[in-house]
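Colleague: Residue-level listing of the chains:
2 protein chains.
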Amino acid sequence: MVMKMGLNFPTIKKERQKIVNNANRGMDLEEMINQSNEYYLNNDIAVIYKKPTPIQIVKVHYPSRNKAVITEAYYKTPSTTDYNGIYKGKYIDFDAKENHNRTSWPLANISEHQVKHLKRVQDHGGIAFLLVAFSYYNEYYFLPFDVLNAYWKDSQEQGRKSIPYAVFQKQAYLIKEGFLPRLDYLKIIDEFYL
Amino acid sequence: MVMKMGLNFPTIKKERQKIVNNANRGMDLEEMINQSNEYYLNNDIAVIYKKPTPIQIVKVHYPSRNKAVITEAYYKTPSTTDYNGIYKGKYIDFDAKENHNRTSWPLANISEHQVKHLKRVQDHGGIAFLLVAFSYYNEYYFLPFDVLNAYWKDSQEQGRKSIPYAVFQKQAYLIKEGFLPRLDYLKIIDEFYL
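Note that the protein sequences, when read in sequence, are chains D and S. To convert, note that position 123 of the first sequence is 208 in my numbering; the numbers rise steadily by one, no gaps. To convert, note that position 187 of the second sequence is 272 in my numbering; the numbers rise steadily by one, no gaps.
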């Protein structure tokens, strides 16, 4: 019986996800944000880019004068967030977080470095937030830094492990999915920040 | 005689550079900017980072479960500038350019992509500029985007190849070198932008 559950549950879950995810054709959060940023750029709405992944380069080989091949390198932990840029004169800074849980978003998915960075950004007058995908529900939330920070403090002081889904529903902003842009997260800034 | 000139000239030049460069102990522009940004960050003055170098990853090897070794990768051309961040609520965006010429800075050192990016930044209310090192003179200039853009247009329309050193002396801002921060380029923003 337990085994049967174990065998069946993923299948059911997969089917449900397939239906739910039909709208974005399996596109992941990063792709959706990149496409939205491209739309913002091409339509002169905002200038927001994803930063390159930081790589520690150890060995570079030069087979010819103008060609460099990196033959040994390692991923480094980013010290900031993945996205930043400018919108209506405001400095924008955020990170994107995928989440497959149904009931909460685990705080283990963000590093202390990133929280500190976002706090600095907000203290200096920028707009700091997270974009969190609840992929089970096919929902995308704009989580303001202040809400993140309250729960982050709780995690440091009280050992809290996650932010409940119900908190996203009440204190974060649901971003409507569209065609162009795919994920119009700047609309949230228009409505609640500017 | 020609040979003698050829032999002597680099020696003289090298000695002069050695004296001139004594103040920064051979530190390159990027190092100076990174140290300054660290100072700004640690003293809660500004949040400005260098973006990681964009790398195209082709092959990744996993010798163990938690370790990833990149075994084939290539340098990509950056589509934006190297530095951005926030200062006194303003979005800041710039690139750093080393220059060993004495009489001008060659416009071949900047790509059309970068000029377009800086223009967009300025159009959206950000502060866009270049930091150009004239290492022969041990001088560091803050070149406002508008000056760059005027000469860039000339290069596209009239075939201009460089911005004369005299233009830097008159239309760019000389940044005083210090100890902490090494290169206080935000002072120029205080004086001429805010």
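Keep in mind that a hint or two might mislead.
No distinction is drawn between identical chains; accordingly, a pair holds when it is met within one copy or between any pair of copies.
Unchecked claim - The calculated lysine-lysine pairs, modelled on DSS-like cross-linking and capped at a C-alpha distance of 30 Å, are:
{"#": "1", "residue 1": "K246", "residue 2": "K152"}
{"#": "2", "residue 1": "K201", "residue 2": "K173"}
{"#": "3", "residue 1": "K255", "residue 2": "K161"}
{"#": "4", "residue 1": "K144", "residue 2": "K238"}
{"#": "5", "residue 1": "K201", "residue 2": "K152"}
Treat the hints as calculated values from the structure; they're not laboratory data. Quick caveat, the model's predicted, so the values are computed rather than measured.
Colleague: With reference to the structure, classify each hint as holding or not holding.
Modeller: Against the structure, the hints:
1. K246 <-> K152: between (47 Å within a copy, 26 Å between copies)
2. K201 <-> K173: both (24 Å within a copy, 18 Å between copies)
3. K255 <-> K161: neither (35 Å within a copy, 42 Å between copies)
4. K144 <-> K238: neither (41 Å within a copy, 40 Å between copies)
5. K201 <-> K152: Between. Shortest inter-copy distance 27 Å satisfies the 30 Å Cα cut-off; intra-copy 39 Å does not.
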